[in-house]
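Peer 1: I would like the entire structure built from these sequences, with the hints used as guidance.
Quick mapping for you: the protein sequence lines, in order, are chains A, B and C.
Under the working numbering, residues 1 to 95 are what the first sequence spells out, in order.
Under the working numbering, residues 1 to 101 are what the second sequence spells out, in order.
Under the working numbering, residues 1 to 684 are what the third sequence spells out, in order.
Quick list of in silico lysine-lysine cross-link-like pairs, DSS-like style, CA-CA up to 30 Å:
id, chain 1, residue 1, chain 2, residue 2
1, C, K313, C, K582
2, C, K315, C, K582
3, C, K582, C, K642
4, C, K313, C, K642
5, C, K642, A, K25
6, C, K304, C, K642
7, C, K304, C, K315
8, C, K313, A, K25
9, C, K315, C, K642
10, C, K304, A, K25
11, C, K315, A, K25
With the Cβ distance kept under 7 Å, some of the chain C side facing chain A (calculated, not the full set):
id, residue
12, F309
13, A324
14, L328
15, S329
16, P331
17, L432
18, A481
19, P482
20, S489
Calculated from the structure, these hints are not laboratory results.
Here the structure is a predicted model, which means the values were calculated and not measured.
Ideal Cβ placement from N, Cα and C applies to all residues, glycine included.
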Amino acid sequence: MNILSLVLCFWGFAAISASMERHAKDIFAAVGSLRVRRLRLLAGYVLLALALPPAIAVHGLSIGIAVWFGFLAMASTALALVLNWRPVILRWALF
Amino acid sequence: MKTQARLIASPSVRHRINVGVRTGLAAFGGYGLALLGAAAFAAGLPFDFRPDAVSLAIMLAFVLQLVAIIWVFAAATVTRAVLGLAVPAALFGLWLLLLRQ
Amino acid sequence: MTTFDQPRPLRQSMSWLHTWSGLLLGWLLFAIFVTGTLSYFRNEITFWMQPELHRAQAVPPEQIAFVRALALLEREAPGAQQWTLTLPNPRNPTLGLGWQAAMGGERQAAPGAARERPGRSEARGERGASAPDSAAERRPFPADASRERPGRGEARGEDGARRESPWRGSGEGGAFAPDSAERRSFPADAARERPGRGEARGAGNASAPQETRPQGSGAGAQAQRQGRGGGGGGGGRGARIVLDPVSGDRLEGRATAGGNFLYRFHFELYGMDRIWGRWIVGIATVFMFVALVSGVIVHRRIFKDFFTFRSGKGKRSWLDAHNASSVLSLPFHLIITFSGLVLFGHMMIPTAVQSAYQGDNEAYYGAMRAPMASAVSQASGERAPLITGLAALIAEAENTWGDGKRVGSVVITHPGDRNAVIELRQMNFPGLTGGRNIPSLRFSGVTGEPLGASAPREQSIVQAVGSVLNLLHRGFFATPAPRWLLFLSGVGGALMIASGLVMWTIARARKTSEAARTHWGHRLVEVLNIAAIAGLMAAIAIHFWANRLIPAGLSARADWEIHAFFIAWAVMLVHAALRRSKAAWVEQLACAGVLFALLPLLNAASGGLALPGSIARGTGLLVGFDLCALVSGAGLLFAAYKVHRHVPRVRLASSPSRGEEPDPDPGPETEPGMPLPETMEKAA
Numbered sequence: 001m002n003i004l005s006l007v008l009c010f011w012g013f014a015a016i017s018a019s020m021e022r023h024a025k026d027i028f029a030a031v032g033s034l035r036v037r038r039l040r041l042l043a044g045y046v047l048l049a050l051a052l053p054p055a056i057a058v059h060g061l062s063i064g065i066a067v068w069f070g071f072l073a074m075a076s077t078a079l080a081l082v083l084n085w086r087p088v089i090l091r092w093a094l095f
Numbered sequence: 001m002k003t004q005a006r007l008i009a010s011p012s013v014r015h016r017i018n019v020g021v022r023t024g025l026a027a028f029g030g031y032g033l034a035l036l037g038a039a040a041f042a043a044g045l046p047f048d049f050r051p052d053a054v055s056l057a058i059m060l061a062f063v064l065q066l067v068a069i070i071w072v073f074a075a076a077t078v079t080r081a082v083l084g085l086a087v088p089a090a091l092f093g094l095w096l097l098l099l100r101q
Numbered sequence: 001m002t003t004f005d006q007p008r009p010l011r012q013s014m015s016w017l018h019t020w021s022g023l024l025l026g027w028l029l030f031a032i033f034v035t036g037t038l039s040y041f042r043n044e045i046t047f048w049m050q051p052e053l054h055r056a057q058a059v060p061p062e063q064i065a066f067v068r069a070l071a072l073l074e075r076e077a078p079g080a081q082q083w084t085l086t087l088p089n090p091r092n093p094t095l096g097l098g099w100q101a102a103m104g105g106e107r108q109a110a111p112g113a114a115r116e117r118p119g120r121s122e123a124r125g126e127r128g129a130s131a132p133d134s135a136a137e138r139r140p141f142p143a144d145a146s147r148e149r150p151g152r153g154e155a156r157g158e159d160g161a162r163r164e165s166p167w168r169g170s171g172e173g174g175a176f177a178p179d180s181a182e183r184r185s186f187p188a189d190a191a192r193e194r195p196g197r198g199e200a201r202g203a204g205n206a207s208a209p210q211e212t213r214p215q216g217s218g219a220g221a222q223a224q225r226q227g228r229g230g231g232g233g234g235g236g237r238g239a240r241i242v243l244d245p246v247s248g249d250r251l252e253g254r255a256t257a258g259g260n261f262l263y264r265f266h267f268e269l270y271g272m273d274r275i276w277g278r279w280i281v282g283i284a285t286v287f288m289f290v291a292l293v294s295g296v297i298v299h300r301r302i303f304k305d306f307f308t309f310r311s312g313k314g315k316r317s318w319l320d321a322h323n324a325s326s327v328l329s330l331p332f333h334l335i336i337t338f339s340g341l342v343l344f345g346h347m348m349i350p351t352a353v354q355s356a357y358q359g360d361n362e363a364y365y366g367a368m369r370a371p372m373a374s375a376v377s378q379a380s381g382e383r384a385p386l387i388t389g390l391a392a393l394i395a396e397a398e399n400t401w402g403d404g405k406r407v408g409s410v411v412i413t414h415p416g417d418r419n420a421v422i423e424l425r426q427m428n429f430p431g432l433t434g435g436r437n438i439p440s441l442r443f444s445g446v447t448g449e450p451l452g453a454s455a456p457r458e459q460s461i462v463q464a465v466g467s468v469l470n471l472l473h474r475g476f477f478a479t480p481a482p483r484w485l486l487f488l489s490g491v492g493g494a495l496m497i498a499s500g501l502v503m504w505t506i507a508r509a510r511k512t513s514e515a516a517r518t519h520w521g522h523r524l525v526e527v528l529n530i531a532a533i534a535g536l537m538a539a540i541a542i543h544f545w546a547n548r549l550i551p552a553g554l555s556a557r558a559d560w561e562i563h564a565f566f567i568a569w570a571v572m573l574v575h576a577a578l579r580r581s582k583a584a585w586v587e588q589l590a591c592a593g594v595l596f597a598l599l600p601l602l603n604a605a606s607g608g609l610a611l612p613g614s615i616a617r618g619t620g621l622l623v624g625f626d627l628c629a630l631v632s633g634a635g636l637l638f639a640a641y642k643v644h645r646h647v648p649r650v651r652l653a654s655s656p657s658r659g660e661e662p663d664p665d666p667g668p669e670t671e672p673g674m675p676l677p678e679t680m681e682k683a684a
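Peer 2: This is the structure:
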């Protein structure tokens with residue numbers, strides 16, 4: 001469940017990053033339409049939200065929320081590194 | 001006298017004096033305001049369980065200190081920086097006075 | 001440049017504030033962050049630093065040699081009011097025994113204690129059952145003894161490690177004694193100043209075995225500070241005696257402050273009055289708070305640049321790294337800073353209690369503790385044998401709780417009396433909002449019949465908030481995942497501070513002339529950066545090496561471990577001052593990296609359980625320590641390599657073709673997300 005939550009965080013942030021012009025260009029080599037990018041942004045937030053329940057299921061409410069924040073931090077850091085290193089590999093996970 | 005006047009007139013010296021005053025205000029004014037605010041909150045916040053008011057007062061005091069320090073450096077002029085500390089300090093003092101009565 | 005006597009944008013003044021509030025105490029903040037981050041694993045560190053204990057193996061309760069343990073307690077502490085057995089747990093596989101003196105006159109010194117090991121006897125005397133005499137001796141305020149309140153005898157009977165824990169007493173806020181600022185708060189004073197603690201224990205609060213019980217001994221650390229020798233006492237978790245859980249054999253760990261040295265350093269420094277240390281750390285924390293918030297105000301592209309990290313672009317990359325390490329863990333940074341302040345709250349903001357209680361601190365602490373009704377049973381004076389089937393009771397308790405909850409410690413009150421009570425406390429805090437209440441079940445010590453469960457204490461919202469701040473700061477969690485997240489976030493915070501410090505010099509060096517770069521202020525920052533960042537890493541590594549290289553039997557060896565740390569750090573400072581900055585960076589980073597990477601080998605060679613063995617036996621905390629040492633070593637060596645390969649852009653600036661300006665790929669991001677420290681603009 002921890003892993004699930006972490007993966008959802010990463011995925012959500014990846015989608016959010018793909019909604020930003022600069023990163024979309026890096027990932028897909030094209031900026032993409034505004035509609036698609038808005039969709040990605042929405043999907044990203046949904047995924048981040050979905051990462052919360054598994055964390056709470058494992059750790060209980062209060063610690064679960066803290067853990068969720070921790071996962072958000074770790075996932076976004078990892079994503080920043082991936083975006084700098086090989087943004088293209090994010091393609092397969094996104095639309 | 002003449003040199004002194006010129007020194008104060010020179011922009012870099014004026015800047016330094018200004019920064020020095022603000023730093024002093026931030027350090028002592030910020031902390032003083034935090035102490036005063038904590039005293040007012042701890043005695044005045046409407047809690048049945050007084051230690052709760054104390055705990056919350058301490059937390060608010062640190063936020064107050066932070067805001068005060070930021071304000072002192074953000075304010076356009078030193079006068080406004082001072083006023084920004086003096087007005088809330090006066091209010092807290094008034095609150096404390098009312099509480100004492 | 002920012003001139004404060006003229007109109008200027010908010011971001012410019014905030015940039016100035018961010019730069020200087022971050023720089024001025026940045027080196028201290030870095031040390032606080034690093035040692036504080038390591039403190040999340042101080043139990044593990046202490047255990048690693050006592051290789052004599054490594055071969056103990058955590059076993060389920062039914063395999064624990066309770067009979068031998070109880071017999072030993074009967075022998076060592078026959079008249080004690082309370083015995084505590086700390087069960088093996090994932091963070092310490094040994095069985096710990098501790099006890100408290102009877103409240104009345106029938107105190108028993110620990111007979112075997114003083115003769116065991118010379119280096120330990122003094123610390124033991126202090127921590128020992130007969131604390132009042134020795135405490136009075138060493139305290140400057142012996143008269144305090146006369147102001148003893150009921151319940152204080154208890155607190156005082158605890159071993160020093162617990163007494164000293166600054167946050168132990170008053171439940172949620174981690175209250176400091178308000179008057180502790182004025183006086184040296186020695187352990188027994190502390191007990192008086194914080195009456196909450198006595199029943200914090202009675203109510204079953206402070207008992208999560210691996211959490212609330214500092215490992216090794218704070219007493220050791222303090223005793224050392226005062227040149228008293230005496231190290232880790234009994235070794236594990238403040239227990240006086242450490243046993244192998246299976247055989248019941250006594251384990252003698254070497255005298256060491258263990259992870260408690262780093263832990264105590266992070267909030268009260270070392271070698272000075274602890275109140276001074278705490279004030280310095282508290283002020284540094286205010287600086288941190290200001291730097292964080294002003295940094296957020298300055299960073300206007302906080303969402304646009306959220307994931308932005310561009311490597312290999314010199315100053316730009318440093319700025320990105322600084323932004324990323326700050327922004328991505330911003331909730332952590334804010335919480336850890338604010339909770340750190342709140343933990344110092346009663347010390348730094350004494351007016352709150354003064355005003356609410358008109359200066360009557362005792363009234364405040366009395367009110368704090370009122371809701372915690374403590375049910376300390378009275379001894380009957382009639383003797384009756386203690387039941388021996390602890391394992392069965394534990395099984396019963398764990399069944400009652402269900403959900404995988406485990407018993408962490410067994411507290412036996414009035415052992416040998418007809419009214420003996422056995423209290424089984426859960427291993428962990430169930431959540432963050434409940435304060436330091438830990439669920440427990442009570443049984444009669446003679447018949448074994450259940451006496452009921454501890455009543456969960458109602459918490460107000462303010463208390464719950466305080467509890468969250470306190471427990472989050474201290475990483476009190478059942479499972480390792482959240483602790484690791486805090487640890488990693490702490491590493492992120494250290495990187496944030498380090499990158500900020502380095503950026504100050506880089507941003508300055510890039511635009512200024514040769515003359516300005518050799519300016520003494522610039523050089524000072526550079527030297528301090530090297531010694532505070534790379535030098536601290538090397539000093540910590542040397543601290544661990546000293547733990548194994550200083551003979552286990554040497555008197556005052558625990559002191560020398562700490563001295564080694566500071567001597568190494570001082571040497572690094574001198575080295576940084578003498579060498580050219582790049583060479584100093586490379587050498588110190590490489591030195592730290594090599595020392596860390598070799599720690600697993602040192603562990604194997606000096607009596608510890610080596611990595612293959614700890615993996616095979618499933619001693620996770622040793623595996624974790626060794627792997628962390630390897631990873632840190634590799635990271636530091638990588639950093640050394642990168643610095644070594646780095647071609648400073650400053651020198652290239654003379655050849656425009658390879659210079660950094662203009663940025664070859666301006667893009668939308670050329671406008672800096674954060675204005676650079678204005679000092680360089682001024683110098684330009």
